[in-house]
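*Asks:* Chains as they are written, first to last, in the numbering used here: chain V, 25 to 316; chain L, 25 to 316; chain E, 25 to 316; chain G, 25 to 316.
Hints are not guaranteed to be accurate.
Below are the EDC-like pairs computed for lysine to aspartate or glutamate, each with C-alpha atoms no more than 20 Å apart in a straight line [as the list claims (entries may be wrong)]:
#1 L:K116 - L:D218
#2 G:K116 - G:E46
#3 V:K116 - V:E104
#4 G:K84 - V:D227
#5 L:K84 - E:D227
#6 E:K116 - E:D218
#7 V:K116 - V:E50
#8 E:K116 - E:E104
#9 V:K84 - L:D227
#10 G:K84 - G:E94
#11 G:K188 - E:D227
#12 E:K88 - E:E104
#13 E:K84 - E:E94
#14 V:K57 - V:E104
#15 E:K84 - G:D227
Source of the hints: derived by calculation from the structure; they are not laboratory data.
There are 4 protein chains.
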Amino acid sequence: MSKPTAMNEKHENLSWRARWYEVIFEADTPAGKLFDVLLLIAILLSVLVVMCESVEAIRKAYPKLLVGAEWFFTLLFTLEYGVRIICARRPKRYIFSFYGIVDLLAILPTYVIALPIFEGGPSAQRLAVIRAIRLLRVFRIFKLAHMLSEASALRQAIWAARAKIAVFLSFVLIAVVIVGSAMHLIEGGRVDSDGQQIVTGFDSIPESMYWAIVTMTTVGYGDVSPTTGLGKALAACMMILGYCMIIVPTGIVSAELAHAGGKSQTTQVCPECMGEGHAADAVHCKYCGAKL
Amino acid sequence: MSKPTAMNEKHENLSWRARWYEVIFEADTPAGKLFDVLLLIAILLSVLVVMCESVEAIRKAYPKLLVGAEWFFTLLFTLEYGVRIICARRPKRYIFSFYGIVDLLAILPTYVIALPIFEGGPSAQRLAVIRAIRLLRVFRIFKLAHMLSEASALRQAIWAARAKIAVFLSFVLIAVVIVGSAMHLIEGGRVDSDGQQIVTGFDSIPESMYWAIVTMTTVGYGDVSPTTGLGKALAACMMILGYCMIIVPTGIVSAELAHAGGKSQTTQVCPECMGEGHAADAVHCKYCGAKL
Amino acid sequence: MSKPTAMNEKHENLSWRARWYEVIFEADTPAGKLFDVLLLIAILLSVLVVMCESVEAIRKAYPKLLVGAEWFFTLLFTLEYGVRIICARRPKRYIFSFYGIVDLLAILPTYVIALPIFEGGPSAQRLAVIRAIRLLRVFRIFKLAHMLSEASALRQAIWAARAKIAVFLSFVLIAVVIVGSAMHLIEGGRVDSDGQQIVTGFDSIPESMYWAIVTMTTVGYGDVSPTTGLGKALAACMMILGYCMIIVPTGIVSAELAHAGGKSQTTQVCPECMGEGHAADAVHCKYCGAKL
Amino acid sequence: MSKPTAMNEKHENLSWRARWYEVIFEADTPAGKLFDVLLLIAILLSVLVVMCESVEAIRKAYPKLLVGAEWFFTLLFTLEYGVRIICARRPKRYIFSFYGIVDLLAILPTYVIALPIFEGGPSAQRLAVIRAIRLLRVFRIFKLAHMLSEASALRQAIWAARAKIAVFLSFVLIAVVIVGSAMHLIEGGRVDSDGQQIVTGFDSIPESMYWAIVTMTTVGYGDVSPTTGLGKALAACMMILGYCMIIVPTGIVSAELAHAGGKSQTTQVCPECMGEGHAADAVHCKYCGAKL
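Here chain V stands alone, though its shape is the one from the complex (with noise of 0.2 Å):
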C-alpha cells in the first residue's frame, strides 16, 4: 500500500510544485499576477537602491540603510531565485536561459563583493573593480523583461522588418562613414601660424563618424561642430538628408504594419462560390450565403 501513497505523496508534490509554478511563471491567475506586481516593485526599489548608491551625498548620508536594503533585496531575489529552480519543470533549461542568467546575474555581484578577497587595504585598482561589480547589479531591471508580454507584438513587427532596418542602418552607416571621412578632410589637418596642429574634433576618421553620427541622428550636441563654410554646407546638406530619412523608413514600417494588420482575414474558400477574403469571425460566405 506503499505505492498509492508515493504516488499521491509525488501527485501532492508536483500539484504544490505546478501550484507554485504558475504563480512564478505565469501571470493569469491572481495570484499569478499579485507575484508580478510584487516582484515588479522590489525590482525597481532595488536598482533606486543602487542608483541612490551612486550618489555620493545620499551614500555618505545613509551607509548603513543603504546596505541594508541591499542585503534585504539580494535574500529577496536569491529566495525567488531558489523557488524558480524547484518549481521550474526542467530546472536545467531555466537555468542556462536568458531569465536564468539575468535572475542570476542581479544576486550574484552583492555576494562576490562580500567575499574577503576584496576586504583589506581599498588599493585603488581594487576599488575600481568592486565599483564595477556593484554597477552589475543595476542590470536587475532585465527582469522587468519578464513581464513585458506586451512586447511580442513590438518584436514580431521589428523581426517582419529586420530587412528594411538592416538596409535602412546599412545606409545610415555607409553615409556616416563617407562624410565622416569628407569633413575629415575638409575640417581636419589645419596648423595655425605657428605650424601648430588645431584641435577641431575632426582629427581622425573615427572622431568624424562620432560627429557624423550625432548629426545624422538630429542629436546635436555642438561638441563638435564645423567651421569652415564648405564644412557647414556639408554638414547642412547631412542634416537635411537624416531630416529626410527617418520618413521613408518610418512609411515603410507603416504600411507593411498596416498591412499585415489588415490582414485578419482568414484563409477559407466558400465551398459554394469559392469566394475568398472573408473575416475572421464570419460564419457565412459574405458573397453567396453558404456556409462556410
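Fit chains L, E and G to the supplied structure of chain V, relying on the hints for placement.
*Replies:* Leaving out everything else, chains L, E and G in the frame of chain V:
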C-alpha cells in the same frame, strides 16, 4: 392656485438656468460659441498678464496696469465660476470635477495673496511663497481643456495604443538605466594627477541617466557629452538606437489607427440576426447568411 | 468691311494674348514648361545674388557685378510682371492675387532704393532701412510657389488634418506654458551669496517657454539648460513627453491619409447585383460580371 | 577533328567563366553567398584599416602592420577586379558601370601613392594631395552596394514618393531662405558701443541659413543661437514648424505605401483579355467581365 404659479415659476427658473447652461457648458448654439470664444480670449489674455508680470522690465514699467488687469480677470473668472455653479445640473459634481477644480484654482491665487498674512515687511521666505502662488495662476491655461472637443479622437488613439506606448516607454527607460549606468562606469569617477575627482556630468547614475535621456530623445544639449573614445562609441550606438526606435512605434500606431479607421464597414445591421460590422462589399450577413 | 477686320484683329490679338497666357500661366505645353524652367533658374540666381550681397567679403570683391546682376533680374521680373498683367484674363484679379503681390514685391525694392531719398550721406538710420528693403528681395523665393503644382496634395492633406494639427499644437503650447512656468519657479530667481540674482536663462516665463520649446521639439541648443536636480528631472520628463508626442499625431495623419487615399474606388453600383467597391478602372462588376 | 575540340574547349572555357560568373556576380548559390560574405568582411576590414590610419596614435604604433594590410587588401581587390573583368559577359559594360568604377577607385589610390612622384621630401602641398588620395580609399564602402539587394524596395518607395519629397524639400528650403534672411535682419549687423560689429553667427544670409537648417532639422548644435527676444520668438516658431512638418510627409509616404502595398491584388490574369491587377475577391474580370 398658488401651486401652478409655483410650478410656472420653477419652470421659468429652470428654463432660465437651462438657457444659461446651454450657453456656458455647451458650444452648439451661436451664443454658446460666442461665449467660448470670449472665454478663450480672456484666458489667453490673463495668461499673458501672468507672463508679462514675470518679466522684470515690464513689471517695473506698468505695475498698476498689471495689478488692475489681474483683478479684472480674477473677478471675471469668479463671476464665471459662480454662474457655472448656479447653472450646473449637479453643482457638487461640477465643483469636484476636473474642470471645477481648475476653475477654482484659476481664481484662488489672487485672493490668497491679498490676505493680510502676506502684508507687511517682505521677508525672503514669504516672498518665495507669494511668487509660487502667483505663478499658479498660469495654470488657468488648463481652462482651455473645456474647448478641446476635437481632442477626444487623439485621446482615444492614445488610449487604444496605451499598451504599446507603455512597452515603448519601458523599453526606453530600461535602455536609459543600462546605458546611464554603463556611461557612469566608463566616463565617471576619473581623477586628475592630483587625485582630485574630475566633474564630468557622469558622476552618479541619475546624472548619467539625465544625459542618456537627453541623448536618446535626440535633444542633445551638449552640457554633458562623452569625452573618452569608449564613451563616444557607446553614445553613438545609443543615438542610432534612439533614431531607429522612433520608427517602429510610429509604424505600429499608424497601422493600428489605419486598421481601425480603414475598416470601411457599413453601419448595416443584419435584419435576421442583428449582427453588425459587415464589410462594405458584403451581400449576405457573415454570421447567419441572410441577405442583407 | 472694317468690322470683320476689326474682329479678326481682335481675334488675332486675343489669340496672341491667349498663346502668351498659356506659355506664362500654364505648364502643359512645351513652351510653358520651358518658360517655367527658365523662370525657376532666374529666381534661384536672383536669390543667390541677394545672398552673395549679404556676405561682406563677396560684396567688397565684386560690387559692380552684383549691382549689374541686381538690375538685370529686376528688369527681367519687371518685364515678366508687365506681360503677366497684359495677358491675364482679369488683370485686376491677378494684381491683387497672392502671386501678383509677390511678383510686385520682387521688383519694388530695387526701384525704391534707387529713389533720391536714399542718396546722400549714409546715416545709420537710413542704412538700416535700406538694408531691410534690400533683404526683402529674398522673398522672390515665394515666386517659386507658382511652380509647386504638386503641393496641392500636401495642402489638401494639411487642410484635412487641420483640426488634429490644431489640437496637437494646442497641446504642445499648453505643455510649453505649464512646464515653462514650473521651470521658472524651480530654476529662476536664485541669488548668490552676495544677494545678486544669478542669470540662468529661466528668469522670466517667456524665457523659460523659449527653453521649453527648444527642448520639446528636440532641438536642444544647450544655451539654456537646467542645473538643479529637480529641474533636470522635469526636463527629462518633458523630453520623453515630446518624444512620445511625435508618434501619435504621425499615426493619426498616416491613418487619415491611408483611409482617404485608399478610396480610389468609385461609388459606382452594379446595376445587376448592386455590388459596390469597384476599382476606378473597372468596366464590369467584379461580383456578377455585368457591365457597369 | 580540331573543331569539336575547340568548341569543347570554348564550351569548357565558357562554363568555367559562367561558373565563376555565378559565384562572383550572383548570390543564389552557396558558393556565391560565401564569396559575398568573405568580400563583405574584406571590405569592412579594409575600411577599418583606413580609419585606423587616420588616428595618429595608431598610425605611429603599428606603421608596418597598416602598410602591409593596405597592400594585402589592394592586391585582393585587384584580383577581384581582374576576375570580374574576365568573367563578365560584357567586360566593357562592367568597367563603365557604377560598380566597375567603384571597384577601380577602391584599388587605384594605393598604386597612385606608390608612384615615384610622391617620393622624396614631403612638401606640405604634396602631403595634402596624398592625404586626400589615401582617404579616397574609404569609398570602398560603396562596394557594399553590390550586396544591398533588399534596398530595391526602399529605392522604389523613394522613387514613387520623389515628387512629394521634392515638394517637401522645396518647402523646407524656402522656409530656410526666408527665416534665414529674417534672422539676418533681426540678429545680424549689430554694433557695440565702440561702433565695432559684433560677430553673432547671423552676419550673412548663408550663415543664417546654416543656423536655420540646424534648427529646422532639430539638430540644434547651439554654436549659433538667437540672443534677442524677437529672434528667440521667430526661432521658436520655426522649431514648431519644423516639428509639425515631419508629421505630414511621414503620413503621406505611409499612406502611399500602405495603398500600394495593400492592394492585395492577385497575380491572376484574365483568360480572355489578359487584364491584370484584379482584386483578391474578384470573380469576374473587371475589364471584360469574363469569369476569372
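*Asks:* Would the hint linking V:K57 and V:E104 be met if the CA-CA limit is 20 Å?
*Replies:* holds (15 Å)
*Asks:* For G:K84 and V:D227, compute the direct alpha-carbon distance and say whether it is at most 20 Å.
*Replies:* Holds, because 15 Å separates the two Cα atoms, which is no more than 20 Å.
*Asks:* Check whether the Cα positions of E:K116 and E:E104 lie no farther apart than 20 Å.
*Replies:* Answer holds: E:K116 to E:E104 is near 16 Å, not above 20 Å.
*Asks:* What's the verdict on G:K188 and E:D227, does the C-alpha distance respect the 20 Å limit or exceed it?
*Replies:* violated (43 Å)
*Asks:* Are the Cα atoms of E:K84 and G:D227 separated by 20 Å or less?
*Replies:* holds (15 Å)
*Asks:* Are the Cα atoms of V:K84 and L:D227 separated by 20 Å or less?
*Replies:* Given pair V:K84, L:D227 holds - Cα atoms ~15 Å apart, limit 20 Å.
*Asks:* Could you grab the alpha-carbon distance between V:K116 and V:E50 and see if it respects the 20 Å cut-off?
*Replies:* Holds - the C-alpha atoms of V:E50 and V:K116 are around 19 Å apart, at most 20 Å.
*Asks:* Run the distance test for G:K84 versus G:E94: straight-line Cα separation, threshold 20 Å.
*Replies:* Holds, at roughly 15 Å.
*Asks:* Would the hint linking V:K116 and V:E104 be met if the CA-CA limit is 20 Å?
*Replies:* holds (16 Å)
*Asks:* Run the distance test for E:K84 versus E:E94: straight-line Cα separation, threshold 20 Å.
*Replies:* holds (15 Å)
*Asks:* With the threshold set at 20 Å, check whether the alpha-carbon distance from E:K116 to E:D218 stays at or below it.
*Replies:* This hinted pair is violated, its Cα atoms lying about 68 Å apart.
*Asks:* What's the verdict on E:K88 and E:E104, does the C-alpha distance respect the 20 Å limit or exceed it?
*Replies:* violated (24 Å)
Violated hints, in rising order: 1, 6, 11, 12; the structure is consistent with all others.
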